[in-house]
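A.B. asks: Listed here are the chains, written in short residue letters.
Number of protein chains: 2
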Amino acid sequence: MKCKKCAGPAALELRRHNAAFCSPHFIEFFRKQVAEAIHKHRMFTRDEPILVAVSGGKDSLALWDALLEDGYQTAGLYLDLGIFDYSQESKAKCEAFAASRGLKLYVERVADTVGAPIPDVQKATRRPACSACGLSKRYLMNRAALEHGYAVVATGHNLDDEAATLFGSVLNWQMEALPRQSPALPSSHPKLVRRVKPLYRLSELETAAYAFLRGIDYIVEECPFSTGATSLAHKELLNRLEEASPGSKHNFLFGFLDKARPAFERLEDVVLKECSRCGQVTTGEICAFCKLADRVKQHV
Amino acid sequence: MKCKKCAGPAALELRRHNAAFCSPHFIEFFRKQVAEAIHKHRMFTRDEPILVAVSGGKDSLALWDALLEDGYQTAGLYLDLGIFDYSQESKAKCEAFAASRGLKLYVERVADTVGAPIPDVQKATRRPACSACGLSKRYLMNRAALEHGYAVVATGHNLDDEAATLFGSVLNWQMEALPRQSPALPSSHPKLVRRVKPLYRLSELETAAYAFLRGIDYIVEECPFSTGATSLAHKELLNRLEEASPGSKHNFLFGFLDKARPAFERLEDVVLKECSRCGQVTTGEICAFCKLADRVKQHV
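From first to last, the protein sequence lines are chains A and B. By the count of the numbering used here, the first sequence reaches residue 687 at its end, each step adding exactly one. By the count of the numbering used here, the second sequence reaches residue 687 at its end, each step adding exactly one.
Worth flagging that the hints you see were computed from the coordinates, not collected in a lab. The structure displayed is predicted, hence computed values, not measured ones. One should not assume that every hint holds.
[Unchecked claim] SDA-like, lysine to any residue: derived pairs with alpha carbons at most 20 Å apart:
#1 B:622 <-> A:559
#2 A:622 <-> B:626
#3 B:646 <-> A:648
#4 A:646 <-> B:646
#5 A:622 <-> B:630
#6 A:622 <-> B:568
#7 A:646 <-> B:556
#8 A:646 <-> B:568
Next up, chain A with everything else stripped away, as it sits in the complex (with noise of 0.2 Å):
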């Protein structure tokens, strides 16, 4: 295999894009699909701090290198679930990443917030670990952004997460979550910041040969609480779809954004309000991390 753009002996085949790059092309690549995505979304100019929500695993920090390296202003926000070692180790490579590049990285606990570590919100909520732990995480990340002066958060969601999410709304047909299904969420309310997915362009494979060609140190374990998690099955399920026919992730995300998203758009925008407690947006009298938190004071 040799190299689209140079030929010279290919580092990495793309079946979707019918293409192979040598590693400095595959980068050059990676990061044209990045300025797209922000380009065609207006995800955010060079005019504006952004802040990166890393995990230490290879998506949020290829996407923090990327953006990096593409000249914007950033800083890091690592949200420390309380996962045992996996939280540990996660937390150590994204203070090692900012470090030795002499960036900001913000530290949250979610415990100090909803009142327990992770693993003791699944006890307590009885339910897996993934909706609340997911819930804490885009509350945090709202907060800490209001908090610092962040108009909007880019995180690491690849084009496979975000079939996999697709898919899952589809299956079910959630009528809730595919309007808001999408790269760029804007901020509809004073107290919500808008969300960005820089990577959502790029499959998990190249944001993993990115992370490795550009000799990013990131976890490469998986959350302990993702095992057997509906998403992985979903992904699975995605993967054997991709590899009898090339492109069919892309097409199924792309065409979602592109051709059916809007048909799902609601015709009168939700009303948001702050939550009685916390201050925080929401559509009820009390936000539903406010909700969690009380069931977690309740059993810890």
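Fit chain B to the supplied structure of chain A, relying on the hints for placement.
C.D. replies: Here is chain B on its own, set in the frame of chain A:
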């Protein structure tokens, strides 16, 4: 396992309904699902003669049987695709079914209209046989119904068929196909008969069980052209989902029909006119079937 109704020994477990039935109560359950489908989508009345499209397989003969047993006025329509022994045998099953019950069976040969049997059509179009075959069947069903004075055609599509079709449409977000996915397609033109699918609430396993328990002699072999068909690959994926979580297929199809389909219904109806060649309904000047017949004539 015990029958949910009579507590006698169960013949069949239906995991997605969290129920089991003995033979008589399964047959009752099956017919109730058919009656519910007819009622819910106002498919037809008892005063209307119904043309049942039969292939000789379990689904369409089970449908014909259930409609007969419920007292509907029916005749059968067999479309002879000219697929070697497979068509010979399936036709014989339909003829035997009709003859033993003293029912009218219309037979139409695809080759008489399109110019060649399906194997030659496939060669002429150089595309998977399923696409030309489906087009031909829809065309001939409608034409035969008009000719013989039926306002409605019933087909044996089951839950698995419908879920797999929906899955294929969703993977590529086929915005024209999605609003047309329905258990009951109304007549939107005087030359277009209604098309209904009274088995859409019943799985493939359930129609097979019904056919078996009712002693219906059907062709067990699948169409030889279906090997490797995308719809079969999609059925397999849906079966994996169903196994992991019984009811997945049902939720996917029914959630679409209840919640998502309205979002896809086009605001303006497509303008239908009559094909300048054959007089059947089309959106263009010449209908897709006549174009197919032209291609076939050039090649045979």
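A.B. asks: Each of the hints needs a verdict: does it hold here or not?
C.D. replies: Checked hints:
no.: 1; hint: B:622 <-> A:559; result: holds, 17 Å
no.: 2; hint: A:622 <-> B:626; result: holds, 16 Å
no.: 3; hint: B:646 <-> A:648; result: holds, 14 Å
no.: 4; hint: A:646 <-> B:646; result: holds, 18 Å
no.: 5; hint: A:622 <-> B:630; result: holds, 17 Å
no.: 6; hint: A:622 <-> B:568; result: violated, 26 Å
no.: 7; hint: A:646 <-> B:556; result: holds, 12 Å
no.: 8; hint: A:646 <-> B:568; result: holds, 17 Å
In this structure, only the earlier hint numbered 6 is contradicted, and the remaining ones agree with it.
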